[in-house]
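There are 2 protein chains.
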Amino acid sequence: MTATLGATKMNPASPDVPALLARCREQVTPALKAAVARLDTASREQAEFHFGWVELDGSPGRGGGKAVRPALAVLSAAAAGASEESGIAGAVAVELVHNFSLLHDDLMDGDTERRHRPTVWSRWGAPSAILCGDAMLALATESLLEDSSPHAAQAARLIATTTRELIRGQAEDVAFERRADVGVDECLSMAAGKTGSLLATSAAIGAVLAGAPEHTVRGLQEYGMGVGMAFQLVDDLLGIWGDPAVTGKPVLSDLRSRKKSLPVTFSVQRGGAAGRELATWLARSGDQSEEELRRAATLVEQGGGREWAAAEARRQMDSAERALTGAGLADGPRAELAALGHYLTDREF
Amino acid sequence: MTATLGATKMNPASPDVPALLARCREQVTPALKAAVARLDTASREQAEFHFGWVELDGSPGRGGGKAVRPALAVLSAAAAGASEESGIAGAVAVELVHNFSLLHDDLMDGDTERRHRPTVWSRWGAPSAILCGDAMLALATESLLEDSSPHAAQAARLIATTTRELIRGQAEDVAFERRADVGVDECLSMAAGKTGSLLATSAAIGAVLAGAPEHTVRGLQEYGMGVGMAFQLVDDLLGIWGDPAVTGKPVLSDLRSRKKSLPVTFSVQRGGAAGRELATWLARSGDQSEEELRRAATLVEQGGGREWAAAEARRQMDSAERALTGAGLADGPRAELAALGHYLTDREF
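Heads up: the sequence lines are chains A and B, in that order.
Numbering of the first sequence is given in our numbering, commencing with residue 5 and proceeding in unit increments.
Numbering of the second sequence is given in our numbering, commencing with residue 5 and proceeding in unit increments.
By construction, these hints were calculated from the structure, which means they are not laboratory data.
Everything numeric in this text was worked out from a predicted model, so none of it was measured.
Some hints here could point you the wrong way.
Since the list can't tell identical chains apart, any single copy or any two copies may satisfy a pair.
[What the hints assert, rightly or not] Here are the simulated SDA-like cross-link-like pairs (lysine to any residue), alpha carbons at most 25 Å apart as the crow flies:
hint : residue 1 : residue 2
1    : Lys263    : Thr45
2    : Lys70     : Ser87
3    : Lys264    : Gly129
4    : Lys37     : Gln158
5    : Lys263    : Trp285
6    : Lys264    : Trp128
7    : Lys37     : Ala179
With the rest of the complex left out, here is chain A (with noise of 0.2 Å):
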């Protein structure tokens, strides 16, 4: 079985994604490298590494992620009515924000390499990761404070309670690897604060600096946290039923590494006996052939998890396009913001 959400239910003709991606990165890069050029001596050369700007031998960087938050930014500023480059503070301060968890996390995760390159702690050493990733937080507030909108306050208290939204998240994702009796609506708050609330943010600060009505502001902040909802979703059924040449990863990875994902964690919960069965392997440790594992996922789509996954994750995708149409936005930047859902969400699972 694979499907795609985009398949079974949307695929409007679509804006070039890449292309959009493209040229937003090429709008917000040289505010974010003006920023990151302030940092401390130490500090900017580790982000600089991070972001893919630079190579530890000092050639040019072989370039970093997608920032599909920072396009979400400008793109949400665009769409309340504003010009895309009325979002580049909102845009430099969601992507700061982003890489400082990033930072943090491979360490707490003692994750060695990202993107198949040294991660800053296992390069410079834990200390420095963790004063790196300090100072991007402080860097995303300070600039964003330095933006002449009149609402880059409002925009700076969004950013601050955004992440704690996801620092919630994160530490109840650690707590969680202990606990064995993590309920499905525990799950979905934790991945709400994870991965929502930040695309949430992203797909609406740029409405926030540029004075957007609340329903605006709101209907972005839905449709973000949807198609973040949705990303986590079809991301936790890859991590499971994903073709390793497709997602880089090994074969079942998730339940290699026992990872409580959205459809273990339903299926253990409300799986009944092969539920139970699911719960009872999950509590055994130690490496178990690939046998096991296919058994164990098994259990998982016995126990109705990635059906409920696939079901939930069109759902979250539906309730982020009705935020979408209902928020009173431009047309053409409706119309890219939506595509990038889909760009972010439609992976065959």
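Let chain A serve as the given structure and place chain B on it in line with the hints.
Chain B only, in chain A's frame:
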């Protein structure tokens, strides 16, 4: 030889500083507790223990520190002619930033105890200390931006800049430990970041919230910076020559840990033959006898580091006093700020 800054120079008819600190603490603690109560469940539990409000068994806490920074913040509002209450949001923010940095510092330094109680990382693990610190930093901005002062955004911007200065100092401190050629000016600049910057901001943030004129804010910042630098210099003197019964640290503790403190750095850089011998000693590793540590202390003294640090501390306090006098402040709060500065730096060294 023992001396104090106060005995040699300044000892005005002082307000009762412990009573002053208690009064300010009483004013600020309810708002600080209300802010901390908004943290996610895990971070809240850890923060409430860290602040000394509860013990590990859930019993009432044995209390926390002196809360110098919040006291400076409320006094600075009063010094600018506003109510002490109007400085409370600033007091909460500086105390949250201070404690964010303690949580991350304890982890980076591997310290298992603070004030004879376990540190957050040693009790709850490194990820918790990272996340709890991150959440406190975000909360500092958030709570400040919720204040009703029309100058809250300016205060939040100051907090963000200060946080980056603090991190710069900490990053330099980490980097200097690996270098043998750290200069006196570099070391002073590191101390200005690590110790001075947040005291400078604490002494000014109440005035910022009160909308005080530029020269008043600047005078208060210079005051706080001078006190912070004097405090660090005296602390470094006590780290070598302090009485263990008073400091609570082992005798010659900073030499034991080969700390490149300010007096040590001065002697290494400018202490002639004694400095060169000291540099050679510092480069040798391993525990050394108390006799050897005493010999190293003599080398710091012969290199001029002890005399220089004491003179520099006096110079910093003189400059702090001048800044306070010229800042156009209300008399009562100015005397209280001055007394608080003496209290912090007037220790036997």
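Violated constraints from the hint list, given by number and in increasing order: none
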